[in-house]
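For the sequence shown, numbering that gives the first Met the number 0 begins at 0 and goes up steadily by one.
Keep in mind that the hints were calculated from the coordinates and are not lab data.
Heads up, some of the hints might be wrong.
[Unchecked claim] Okay, derived cross-link-like pairs now, DSS-like style, lysine-lysine, Cα gap no bigger than 27 Å in a straight line:
(1) K126 <-> K80
(2) K13 <-> K98
(3) K121 <-> K158
(4) K13 <-> K121
(5) K158 <-> K179
(6) K117 <-> K158
(7) K95 <-> K80
(8) K126 <-> K179
(9) K111 <-> K121
(10) K179 <-> K117
(11) K50 <-> K80
(12) K81 <-> K98
(13) K126 <-> K95
(14) K98 <-> K50
(15) K80 <-> K13
(16) K123 <-> K179
(17) K95 <-> K179
(18) K111 <-> K179
(19) K81 <-> K111
(20) K123 <-> K111
(21) K111 <-> K98
(22) K126 <-> K111
(23) K117 <-> K95
(24) K121 <-> K179
(25) K98 <-> K121
(26) K111 <-> K158
(27) K98 <-> K117
(28) K95 <-> K123
(29) K158 <-> K98
(30) K95 <-> K50
(31) K98 <-> K126
(32) K123 <-> K158
[What the hints assert, rightly or not] Ranges of calculated distance between the beta carbons of each label pair, as one might list FRET restraints:
(33) Q45 <-> E84: 34 to 40 Å
(34) I156 <-> H106: 19 to 25 Å
(35) G72 <-> G122: 38 to 44 Å
(36) E77 <-> I156: 16 to 22 Å
(37) I105 <-> V159: 52 to 58 Å
(38) R75 <-> N141: 18 to 24 Å
(39) K95 <-> R133: 52 to 58 Å
(40) E33 <-> V159: 52 to 58 Å
Virtual Cβ for every residue (Gly too), placed ideally from N, Cα, C.
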Amino acid sequence: MRKYAFRDAPDQPKVRINERIRLTPVRLIDEEGEQVGVVPVDEALQMARSKGLDLVEVAATSRPIVCKIMDYGRFRYEQEKKAREARRHQTQIEVKEVKYRPNINIHDFDTKTRLARKFLDKGKHVKITIMFRRREMRRPENGFEILRRIAEALADIAKVDRMPTELEGRDLTMVIRPIKS
Numbered sequence: 000m001r002k003y004a005f006r007d008a009p010d011q012p013k014v015r016i017n018e019r020i021r022l023t024p025v026r027l028i029d030e031e032g033e034q035v036g037v038v039p040v041d042e043a044l045q046m047a048r049s050k051g052l053d054l055v056e057v058a059a060t061s062r063p064i065v066c067k068i069m070d071y072g073r074f075r076y077e078q079e080k081k082a083r084e085a086r087r088h089q090t091q092i093e094v095k096e097v098k099y100r101p102n103i104n105i106h107d108f109d110t111k112t113r114l115a116r117k118f119l120d121k122g123k124h125v126k127i128t129i130m131f132r133r134r135e136m137r138r139p140e141n142g143f144e145i146l147r148r149i150a151e152a153l154a155d156i157a158k159v160d161r162m163p164t165e166l167e168g169r170d171l172t173m174v175i176r177p178i179k180s
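Sequences and hints are given; from them, build the entire structure.
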């Protein structure tokens with residue numbers, strides 16, 4: 000036997016179907032959505048089999064558990080289809096990071112701010128990080144001053160989402176996002 004054979008094992012279904020449902024009695028709903036009532040599992044399974052369908056556990060937490068007679072393959076297909084549709088409509092916000100130092104030169108400041116402006120024009124959020132080293136840690140107000148200057152320089156196209164109040168380790172981090180136009 001292979002060392003990690005359990006990794007290749009197929010996933011167990013998240014919902015119990017047919018013989019995997021062990022708790023009895025169950026509240027049964029037929030294929031039209033009509034409530035049949037509270038019946039033993041064996042009887043519900045027999046009804047599902049006579050119609051050529053599966054007995055699927057719908058609500059496992061309620062007592063008695065709720066089971067529905069349906070075609071499990073079709074049910075799974077519909078669930079996957081809904082999940083794919085939900086993933087497709089989800090928008091992923093991309094965050095770009097621009098790093099500054101507290102004793103940055105004017106030209107470097109302008110270049111990095113121009114880069115942040117370019118990211119904002121593309122509709123991305125920008126994380127501005129001021130990185131401190133050794134003695135620079137004694138003067139965090141220099142970092143706050145740079146963040147204030149960046150916010151002023153980008154005020155026409157961006158809005159500050161999160162402004163730091165104190166040092167986070169050795170960094171000051173501000174998040175800005177584009178203004179919707």
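> Out of the numbered hints, which ones does the structure contradict?
Replying inline: 1, 2, 4, 7, 12, 14, 19, 30, 36, 37, 38, 39
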